[in-house]
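Novice: The chain contents come next:
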Amino acid sequence: MLTEPVALMLLLSVAGVVLNIILYRLQSLQMIVSFLVFAAMLALNLQLYGTIGETLVLPVVVFGQAMSFAVSPLAFYFTLMITSITLLTVIFSLESLRGKACTQAYYLWLFLKTFGMLGVVFAADLLTFFLLWELMTWGTFFLMQQTGGESFSPAKKYVVYAVSSSMLLFLGIALIHAWTGSFSFREVAAAFPHMPEGMMLLVVLLMTVGFAVESAMFPLHAWLPESYASTFTSLTSYLSGISTRMGIYGLILLLFGFVGHELADRFQLIGVINLRYIVSIFGALTIIIPTFTALFQHDAKRLVTWHGIGQGGYMILGIFSANALGIAGGIFHIFNYMTYVTLILFSIAAVEYRTGTSNLNKLGGLIKRQPVAFLGLLFGIIGLAGIPPMNGFVSKWFIYKALITEGYPFLAISAIIGTLGTILSVYKLIHNIFLGQLQPEYNEIKEVPFLMQLPIWVLMLAVFATGVFPGPILSLIAEIQSSFGLAPVPYTMTGVDPAAGTLDMLVITTVFIGGLLLAWIVFLLGHKRRHVSQYQNYAAGHFLDESIPYNFNYNFYTGFEHIFNPMKKKVIARTEVAVSSLVEAAGDYLRRIYTGNLATYAMYIMAALVVTSLFLKELI
Amino acid sequence: MSTVLWIIFYPIIAFAIGVILLGYGRKFNARVQRRYGPPIQQVFYDILKLMSKRTNISHGWMHDTALVMLLGGTLLTLYFIPVPGFDFFSGYGDFLVVMYILLIPSLGMALGVGETANPNGSIGISRALQMLAGYDIPFALTFIGMAILAGTTNFSEIIALQQAEGIFGWGLMTNPFLGVAALIALHGMMGEKPFEVMVAPHEIATGPMTEMGGKYLGMMMIQHALNVVIELTIYINLFLGGAANWASYLVKLFVLMTLILSVNALFGRFRVDDAVRFMWKVPLVLAVIGVLIIIL
Amino acid sequence: MSEKLTQRKAWDIVLDKLTKRSLWMLHYCTGCGAIELPPTMTSRYDMERFGISAMVTPRQADILLITGYLSVKTLQRVILTYEQMQAPKYVIGFGSCTINGGMYWNSYATIKSLDQYLPVELYIAGCMPRPEAIISSFTELIDRIGRGEANSWQDYYDNYDFYKKNQEHVFGEINTYVDIKDDKVKFGI
Amino acid sequence: MMIPLSIHTILNIGSFGLLVIGLAIIFTKRNLITMVIGLNVADVGANILLVNAGFVKDGTAPIFTTAVGSAQAMSDPVPQALVLTSIVIGFGITALALALIVKLYRRRTTLDVSKIRGLKW
Amino acid sequence: MVNPIMLILIPLLTVFLINLVNIKWPKFSAGLSFLAIALTTGMAFTLLPEVMQAPIEVVIAGTKAPIGINLLIGPLGLMLSLIILVTSLLVSMYSFSYISDERKGMYSGLFLLLIVGSLGMVMTGDIFNLFVFFEILCISSYILVAYQRNEHSLEASIKYLLLGSIGSLFLLISIAILYRGLGTLNIADIAARVGELPPSTRIAAAAFFTIGIGVEAAIFPLNSWLPDAHSSAPSSISAMLSGFVIEVALVVLIKIVFSLFAFAALFWLLAVVGVVSLLIGEFAAYRQENIKRMLAYSSIGQVGLILFALSLGTEAATRAAFLQIINHAAAKSALFLVSGYMIIRTGSYQIADYRGIARRMPVSGFVFFLAVLSLVGVPPLFGFFSKFSIVMAAVSSGSTGATVLTGLVLLGTVVEAAYFIRVLQHFYQREPAKAVTAARSERGAGAESSIEAPIAAMLPVLAFALFLTGGVLLLGSITGLADAAVQDLFARLVSVLA
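Residue numbers (our numbering), protein chains in the order written: chain A, 1 to 620; chain B, 1001 to 1296; chain C, 2001 to 2189; chain D, 3001 to 3121; chain E, 4001 to 4498.
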């Protein structure tokens, strides 16, 4: 039993934790061991495909429930992402974190977090799921504060959000257990429709909100940007690439695994407005508001993390669209998002590795010094913005198409608005880092070492290849859909079946390449060109040199700031402040009960006596 | 065989039409200002001159690549929009695809301009992108509205549906709100006054084109010529019933161009935030009304 | 000059015939003469008839129109601007000031003859010249291009040392980040 | 009308009275020593209540001597034993309290509980 | 076969012995008390298999119940005894180095008396004996709270003493009422005949009893002495007081309520009061700057949680409450013990002065971290399982009220996590506080050197930490014991009076 890939993967991640504790002081050994273990896990993960449908029951019985794990297509899909992205993160960190202080615990928490995520994904009963879910969220918390100092306060914010969400899930799971008498997914799913309507709604609400916090759905997203942006950039990519998406995993599980579409539509409020639609509206807000917030960020990492929130909205829109294409798009978008956001953040990390900053107002012109990072970022942002031929476009197209087919024009337009906002902010990102004038202090920097380039190249390939040939991933998604009893997406190797829609990425890419060739010929028709210094530049006759900052990147979208500034009410931030001051005030007032005056204390005792007697007398 | 011939010659035909349209635009403008104006083929001379410049400067490889991306992306878009006699690719990518491949040229240009390291260029791009967000939202909403109305996102099918019912089947007739909204958005998309703040020669030295000279500017002008055709054709396909033959296609092109030029000739320039506000107030509200009419 | 004229290939001749119809002008308004340009552009004289239109950056321009006297300081800018233009490019001296200093002949701060510093294709005499004169000079330029004679810009590449010496004589060394001699080799001028 | 007052009733009333008085002292007085006295008074009340629980009317001392007949006629001895323990405990607590008060008084020079509020909230 | 009475007798006799030894060789008193506790602990463990079979009844002075005084040690009593003994064993080990002044003998004696009182309370089958042991427990803890003899500890001790005495008084009144009505002191006997009492008498007895013992069990609003006493006592004593004393009182209260006063209304009252107590404790702790006060308020919260679980009155909830008692004993003791040396090293109680301390006291910091996570309920630590089972049991009880209260409990957990994490992050900050930089251990000098507590003090703390992490592996046997204790408790519950 222990030779099954599932068991081996879980064991390996635990072994990683243990090994890292043992090797706490030996950083280089830690690195090598972690790399080897994660590589082994990826290899095992590939074998996992053959074992889909098998279950593993551990001999550990807690509260009458043996901890059980199962390999479903969805689990395979997620573990594939988890292990591959973790391996890439480790490879990237090998170089980027070498010799940095306070990284002893880095791999430790990475393993713990990976263990938690794998466990959550494999879990076949709610108890295992919740236990590992908790472990995972705490793993996230520890990963967030690897850089110390400034990362502590946002990490604390995360804990408050995460613990709140866990508690909601906890209550939901407890209620499910109380009403169905079981933890096992299968039995719960079977018994779920027989719960009373009100209880069902309560459970669904509790769990949806719980998962919404973890997937950073508006308006519960405020914990994410700061906390992700203040840790190491390689971790920012890991966290926003896959960690946030565990919330989406939970939502998929809840919606398709337990509730099912028919049931979800039963919660009608007014006409078409059912629970699904309400969640979708929040999904749409999740797209628009964070995306436009990202527009005005001055830090590359923070900008990308805001997009991390926004992209989650697409997944929610897709998954909740009740359309085979849309669901497939939503699930596919998780993978795509992971590839390109990791790519973007690795590129930013490469820049940060050399320049030591990710402040968008201080960089510029690095394309001449770090072309690989530039290419990585370019591929990444094309994916993020959802422009063909990168993979982000394919999944977004599925979602738009599904929303239009289902007749939700306003959800569809919000998805498109999000895309436009994304284009604006990613252009700012690439422009302020790589384009414009090179700052004199970065004149001498070099491209990052090969080990850091490798993940960037791999991800570039992935972003492009899955964009042109989405078929292999879509086949997996079709399996996932079938496993939940949904209609599978009608896919072909390069797009969708013509009966369901018009998309053939291979043709588009071929025509695009043809167009590029034609344009290249036109370009060659002209005379030679000469690369000139950046200081040979039009400045209305002014002589430029190094001492003159001749760059436009501060307040890049001034016009929009004029439009949006009056709208920035900071409702969420103010609510957070209000809640925290409420807790503080409550604490302050409640502790005044303990006045320090003995006479008052004595009165409390007397009062308690009287109240107890009266209460007992009245109620007996 | 004719397919191959079309594929080879279609860009050239479209380019010729674009050049004529642009020249017509300049002539039209001159006549409004009571000038004689340049010859109608003037744009062709300009492009030829720019392409034949003896020296060219570039600020780096992205600057070069950008132009290729700009023109290549435009050619890609061109192929995916059906015109009479040419409808080979619309079965592989619907107008959702077109909407996004339309962004490739913008992105390419933005990247290249960024590398020229000229603040005027960056400001121009910043404005262009803000304008993009301004006009594309109402435009996309009209797209979606038409798609829901037609029950398909495929260009050819939409054209076929409109043509089936004659002039009263045109999108502009069946849903005038969407048609008008899209027309205003189209105006912004063409970058004509009052929405030409991204170029604004008098304040930011033609913005994106500041550092573009010689063949770089030439390629941008070629792209511009093609783009005019693309944008007008999209509108024709969605709202003016497509075109059954080349004659009606050309008539529609010139009528639409004239409409836009007449507005262009009369206006000054909006500031970018005003332009965006306008776009989000008038056409967007019209589009929302149009969509509400469709879904309710 | 006539040598080069005969060297034109057939393709070049055709090209010259066509491209002469498109001349973009960057007018450097240093003196009072600039006031004559608006009438030249607008409906009375309408220079766009000839395909001539005003441009704002040197990258796009073919003609550098110097409208008036040049002080030592503005000359530096003019040279920078000129070097940023793409060949073929034509300098037109506008008014007496560019020819011999005009009314500023005695000034310590202006230069007298523009062709010491830049290769001037045409001068327009007068203080100041009327739009008719400007149009006339433009048509002359167009004709010359058509004939393949407007090759003054090559002189700057050929005799760069001469111009450089005169420039440095006036204001010392400036850095325009343009290497004319290398350009000559690179672009084969 | 005369109410026949048995010793039992008097003790009962007395014990409750002492309890109430003692508690009233504790709850109303601010002086620590007074509060300890109140505690003692209440303690006495509780003790009397307890010892009174073993009251047998006309009972004898619970000592098996030859003169006595049945055990039923004796007072219940258990409460008396309990009260002894209780008194000892009360004594201990009082002594401890007073010792602590002395120590505290040396440091704070006050016995007013509303002023001894070094620890609060 | 060990006579259970030895569990009480050995420590009690050692107290006298220590007082004798202390005259000549004060050094040995601590060792002596440690040995006594170790011996007792060993004996308690040997009793385990037997008690699991059937409760042992010990007859004292040759008279059988209901007339004679007896000890009744069932699984419940033994489980609590084990908690008491193991905790005190580790704490006494910690005290070797922690209590370094010349009054060691007195400390050790009182320490043992505290244990005697607690053990007696859980083992006795006689309600007046309960009172006597209760008083032993109280008096020894009053003195121990005042042990440091400074202003704060004296004040705390006085407050504790007066409030505790009022509680004892009420307890005595309750006993008197019961004895008047039934003429017996044996709990089992009373339980059998409690129906004979008129309802008003029963209510009075219940009210006085609940309030009386509630003072020691730190039920809101009777817990006003707790933050003062727990924060002013020596840390080792705080660990004991928080670790098991409150819980012992609480379990005894619930035991008596189960046997004698099983009113549904009382259960509900206690459940609500438990949740209120939890919320007040957590919210008040949120605003504390003094580390020991914060831990004390957290104890109020935890006790509220335990009370809530106990008064739900279902077997699952009670079992969960026992698990939580175990978790709290280990975690809170560890926290108090760790903070004890932090206070010694930095000379400050303020959390602000501990910034970056975990880098100079790594083991302490790590244990603090584990204990905090266990209290908050993070898997795979022990606390997760106890909290999990409480919530599961509460929700499974099926009533809407319990579910709502569970929601409030979970809210309390969020607040708890928030303030504990704040402290933890403070410990792990990069830039140390002035007090931390200035701190010196008795061994080495220098700002960079470790100022970790001595090994003798760290071993027990590590043992607690080990239990919190490895306790999960023992979960099966612990649950088994807890199950037996639940059966023991529920055997006393005849029927709940609606």
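Keep in mind the hints are simulated off the structure, nothing from the lab. Be aware that one or more of the hints could be misleading.
[To be verified] Partial list, derived from the structure: chain C residues whose beta carbon lies under 10 Å from chain A:
no.	residue
1	Ser2053
2	Val2056
3	Val2072
4	Val2078
5	Lys2181
6	Asp2183
Where is the CB? At the ideal position from N, CA and C, for every residue including glycine.
Novice: Taking the hints in turn, state whether each one holds.
Specialist: Tested hints:
For C:Ser2053, the interface hint is violated, since its Cβ never comes within 10 Å of a Cβ in chain A; the closest pair sits about 18 Å apart. The beta carbon of C:Val2056 comes within 9 Å of a beta carbon in chain A, closer than 10 Å, and the hint placing it at the interface holds. Interface restraint check for C:Val2072: the shortest CB-CB distance to chain A comes to about 14 Å, outside 10 Å, so the restraint is violated. The beta carbon of C:Val2078 is positioned within 10 Å of a beta carbon in chain A (closest approach about 7 Å), and the interface hint is therefore held.
With a cut of 10 Å, the hint placing C:Lys2181 at the interface with chain A is violated, because the nearest CB-to-CB distance is about 13 Å. For C:Asp2183, the interface hint holds, the least distance from its beta-carbon to any beta-carbon of chain A being 7 Å, beneath 10 Å.
Checked against the numbered hints given earlier, this structure breaks hints 1, 3, 5; the rest are met.
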